Amino acid sequence: MAPPLTRRTLLQSAILAAAVPGAGAAAAPTASAATLPPPSSWTLQPFPLKDVSLSPGIFAAKRRLMLDHARGYDVNRLLQVFRANAGLSTLGAVAPGGWEGLDGEANGNLRGHYTGHFLTMLSQAYAGTGEQVFADRIRTMVGALTEVREALRHDPAVLSVAGRSGTAVEQVRGSYQYVDLPSGVLGDAGAVTLAAWVKPTHDSTWARVFDFGNDTTRYLYLAARNASGVPRFAVTTGGAGGEQGLDGTAALPLDRWSHLAVTIGGGTGTLYVDGTAVARNTAMSLTPAALGTLTHHWLGRSPYASDPVFAGALGGFDVWSRALSADEIAALQSARATGDLVSYAFDETSGSSFADASGRGLTATLRRTWGGPSHPGFLAAYPETQFIQLESMTGSDYTKVWAPYYTAHKILRGLLDAYLATDDDRALDLASGMGDWMYSRLSKLPAATLQRMWGIFSSGEFGGIVEAIADLHAIGGKAEHLALARLFDLDRLIDACAADTDVLDGLHANQHIPIFTGYLRLYDATGEERYLTAARNFWHMVVPHRMYGIGGTSTGEFWKARDVIAGTIGATTAETCCAYNMLKLSRTLFFHEQDPACMDYYERALYNQVLGSRQDTADAEKPLVTYFIGLTPGHVRDYTPKQGTTCCEGTGMESATKYQDSVYFKTADGGSLYVNLYSPTTLTWTEKGVTVTQTTGFPREQGSTLTVRGRTASFALRLRVPAWATAGFRVTVNGRKAKGTPEPGSYFTVERTWRDGDVVRVAMPFRVRVEKALDQPSLQTLFYGPVNLVARDSSTTYLEFGLYRDAALSGDLLPSLAPVSGRPLHFTLDGTEFAPFFEGTEDPMHAYWRRVEPRVVFGNSDAGVANPARADGTTLLDEVWAGAPFASKGALVERVETVVEAWVSAGLLARADGERAVSTARGATFVP
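Numbered according to my numbering, the sequence shown terminates at residue 928, and the numbering increases by one at each position without gaps.
It is possible that some hints are incorrect.
In silico lysine-lysine, DSSO-like type, Cα no more than 30 Å apart, as pairs [as the list claims (entries may be wrong)]:
#, residue 1, residue 2
1, 478, 658
2, 772, 739
3, 622, 737
4, 622, 772
5, 642, 400
6, 622, 400
7, 772, 737
8, 400, 658
9, 622, 642
10, 737, 560
11, 658, 642
By construction, these hints were calculated from the structure, which means they are not laboratory data. A quick note: this is a predicted structure, and the numbers were derived from the prediction, not measured.
Please model the complete structure; the sequences and the hints are all you need to start from.
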């Protein structure tokens, strides 16, 4: 059930609806959706996802697989880490693990990020399909996060559970909660018995049942498990080296009640487990009286920061001022007795305190190790400590601090997307509160501290938070939120890129790509040109200078020197997150400046790396998305990377539910419609009262048909002419050729008054071409139109292929390949299968291979001459075919004659060999 609409929500929705087109009829969600107003600086504007529906094709098939995951995964598992942090019941859910759990990489310091990704996926799925199940799941998650924030705003509250008899208090793992006892609990006892009922739920070592002491010098403690996995009691006045101890003989069982007791008296200490003595130390001379005044008296907490907080249930804790006998300890198993120094039954069902039944009135208090949030807007799946520690860090250590503002970004983005998709006011309130909290922290820090923080690898990473905060400001209009976005300026990077100084060598790629999308949004909000200039120049430092053929970038997550491609190929190239964020940056740049290269790149990365990063297998439990895509020979893609719930799986979930977001754009004045991608879709353009339907099998079909239906409307249809479309680009309107000459790497305009039923047909024949590694031209990758073709072979060394022997006069290398019957876009070359990169298989692949053209061959006729090469690797045949396309065979022969003469004159080719090459070209037969 949707939460009631407030007056503010209704007013806001009305304002935003007036600024941006409303929902169309196609796939319209059942609940009204808020809208993000487009900035006035955007000369182009996107259509909401709900206005562009996907028809059957490769994108719809990939999305269907991800939607199964969106429907099937238990969201309570994602919420587990948030609820645990707030001390709430986790409803029996198990954390997802991997990066979303305390046992994952770097102690789970990134937990919470995946929930944000999942919210964004659900929001996009709802917007794109209108299926109520996605809206229902969003509301479940938003409701739970609202409860989490409310709990964090207050002192921790008792979580009552069933005890051994009656009730007990549970300490959820990840809650960082403990019981704080008043001073004087032990008194000056010369003898003592300490007893507790415990039900541990995790096997972590050194978690304390109790710890009474003065830092790490004078103390006594009982750990549920020591390094050997058994209970240990110790008392000392000289630190760890002076401990007098008692060690158990067996591990305490998990999820089962155990009774632990320690007695000290007469120089003897005894440890009991379930009423049985398991350890005795007759040289235990230390007693509580020897410890003097102690500063802490804790149940469940250790003074060592590296020790975990006890996870499990406490069913009672008692202290006696004498050493109970073995029979008395045994009797405690069946009948409760009250300690004379302190006695807690833990039978409270609410509040934050525990009554003492000893008669001494020593009320205990439930506390968090970290205190509590610095601001009521704080929301996270872990304590605020990572944010605090980052402020004093000078170097990276992700085991202590792992990108807390990156995680905050994912949560903030997910909440904003949830609000925009469902108009759930609670989501916007949570997002606005996060903005308020971050501003309250960061606005107090000196500028130098902020610059240092944002420059730290990994720990200081903040993802796309600037973009998200700018969107929050656009929705709510709060001045503090715009000021907050500007606090993330990394001046040295902005200034260098604005000056077109390439400083990317050695930088972590995905830490920096999304920064520039945010800076573009700051340009929108402030008009400061340096943001736009820096983003534009940065994009050109990556494309093509650090770009692999599939559109990916980075090696081992980092960038290397400019124009080094072959030299960076390895098993950890092309981090999937990088492609996701480069698409966002390209798209946002295009809103400002319609450089067709941005959309050429968008097509390249989307149709190759992004599509290929998702395995073509259904799985409700896993998104099945790559982290890295290794480009080494014989690489097999890993669709279940690391321990799971990684950043790339998160962005992969998002990518697969927004494939249609950049197919169409409109000009701000509504005068033009840009068709950026050829994809089977239907656009509902409410302002014009028309729909535009693309019917195509692209890229298995070499063209597309667009049908306009609805009212009569005037606008310019701007069709992208891909840079690779060198074999022609033909446009007809209702069967008649459109006026004009399309140029590859541009947009072709058809301007007219459109009427119901008008049909535009676009034909764009594909050619086979190669792209060469910038630093090693003989290392090449193969394309057929927009599709990267990879060789499927288990060899782990570079394969070698030649392509000139059957090259067409047009320069098309397709005649050298043999199509595979019944398998579109599959070919063989010298017996090796080539297949589209976008197919999500586990076949070993070769994205790059070695180009070897040892002999001069024309039209499959061998001249009997070795193919000479210049010092830079350019061969005679390279130079000949660089002149393609050729209008006729005569034009090709003329080119051969010219090149041969130049090479003979340069001493690179013997004249007799040159004459044989020319003669062979004259006698050969060529495909047009």
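Comparing the hints with the structure gives:
1. 478 / 658: Distance ~29 Å between residue 478 and residue 658 Cα, so the pair holds.
2. 772 / 739: 35 Å, violated
3. 622 / 737: 48 Å, violated
4. 622 / 772: 36 Å, violated
5. 642 / 400: 20 Å, holds
6. 622 / 400: Holds - the C-alpha atoms of residue 400 and residue 622 are around 28 Å apart, at most 30 Å.
7. 772 / 737: Answer violated: residue 772 to residue 737 is near 36 Å, above 30 Å.
8. 400 / 658: 34 Å, violated
9. 622 / 642: 13 Å, holds
10. 737 / 560: With a Cα-Cα distance of about 48 Å, the restraint between residue 737 and residue 560 is violated, given a limit of 30 Å.
11. 658 / 642: 25 Å, holds
In terms of the numbered hints stated before, the structure departs from hints 2, 3, 4, 7, 8 and 10, listed from lowest to highest.
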